[in-house]
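2 protein chains.
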Amino acid sequence: MKRAVVLLSGGLDSTTALFWAREKGYRLEGLSVLYGQRHARELDAARSVAIAAGCSLNEVSLSLPWLAASALVDKKKRLPRLPLGRIGKDGIPSTYVPGRNTIFLALAASLADAVGAEAIVIGANALDYSGYPDCRPEFLEAFEETARQGTKRGVEGAPLKILAPLLRMTKRRIVELGLRLGAPLERTWSCYKGGRVPCGCCDSCKLRAKGFSEAGVADPALAAA
Amino acid sequence: MKRAVVLLSGGLDSTTALFWAREKGYRLEGLSVLYGQRHARELDAARSVAIAAGCSLNEVSLSLPWLAASALVDKKKRLPRLPLGRIGKDGIPSTYVPGRNTIFLALAASLADAVGAEAIVIGANALDYSGYPDCRPEFLEAFEETARQGTKRGVEGAPLKILAPLLRMTKRRIVELGLRLGAPLERTWSCYKGGRVPCGCCDSCKLRAKGFSEAGVADPALAAA
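From first to last, the protein sequence lines stand for chains A and B.
According to our numbering, the stretch in the first sequence is residues 14 to 238, in order.
According to our numbering, the stretch in the second sequence is residues 14 to 238, in order.
Hints were generated in silico from the structure; no laboratory data involved.
Please read all numbers here as calculations on a predicted model, not as lab measurements.
Pairs count within a copy or across copies, as identical chains cannot be separated in the list.
20 Å max Cα-Cα, derived DMTMM-like pairs, lysine to aspartate or glutamate: (1) K165 to E151; (2) K174 to E154; (3) K165 to D103; (4) K174 to E151; (5) K165 to E154; (6) K102 to E169; (7) K174 to E158; (8) K37 to E131; (9) K165 to D87; (10) K223 to E199.
Please model the entire structure based on the sequences and the hints provided.
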């Protein structure tokens, strides 16, 4: 059975990507990373989603003090509050976490090379997104080459595939795909702020609300909150 | 003052690379990673070397259970004992740690992007080496492109340089360079086994002994042991 490592943050996108990979017939190896994010509660969502998917979840905890440069890590920094139309179009925002997806993909490539997985699945999206450089197709292509050159399976002729099924989808299409796949969207957490209930004001809340609104569906996580 | 993140394992190569970067005038930001290596004592060496160089050392601790696939992590596995002439020419050895340098460089890129360093220095060597895929020039070039695409400084037009000054040197030349630069080679640790004194039998001990022997110099770490 073909095997895939799936990066699972517990948000809407990675959860949909996980269920996409499941439908494709992959045996799933989930991977979640605690890196000091202010919304560490997203990892509770990741665990709950992994249980719903019936997949194992590898949890990695990182202590990288320099990430406090990011407003997504340092709670004393203010989160940006952009109008929806400017999100992702205003340069790299203060919530950018230096090198985050490079680290996540490196951990995933390591796990994949160790357990014999042929693919890494990532819910990256470069359309309705916050404008992070490490969510773009150019980055993912470059990483695929890095994994081809830097892993045992790569140099032995079976390079890892980096699969980003949501890369060019709107949030609406992501919501629709998640619903079609039966992904437990009510268990997911997207809000950057990480309070008791979603703030509704951060980039992530706004993009998520846009997706559900355009899909004509109420967000089941809000009903559950 | 230009700034560089230097991956420092505490071995001969990374210590020489650190002092190379120091001579080049970089302000140094050391980075060491504990990943369960059986020779975790190399990190004591790294700390001692950082002190000698007068540079700060960022220490990261990773708990990645799947790395037990490697004989360099799982102490129950036997270390290879190859004749010197076959080291690095016999396929990827059991001491390969899945994705190790991808993870190390990802952490270094993250740190560099956060603190504003323009370069990552790595003591990788693809000549007198154990045959790991992630020590080869093709891998380092691919990672440089990944960092260019996946970091803030990369997309803003100031991409990180990946500097591997020892990449094509023999161990003899590395020893000679280290000595010329005044690197404290007596503080370094190379042995994979990680006992009280170097085993003399592992790939790393043999390559190191070859370097000092061909340079016509006694290994100061053996005198210190």
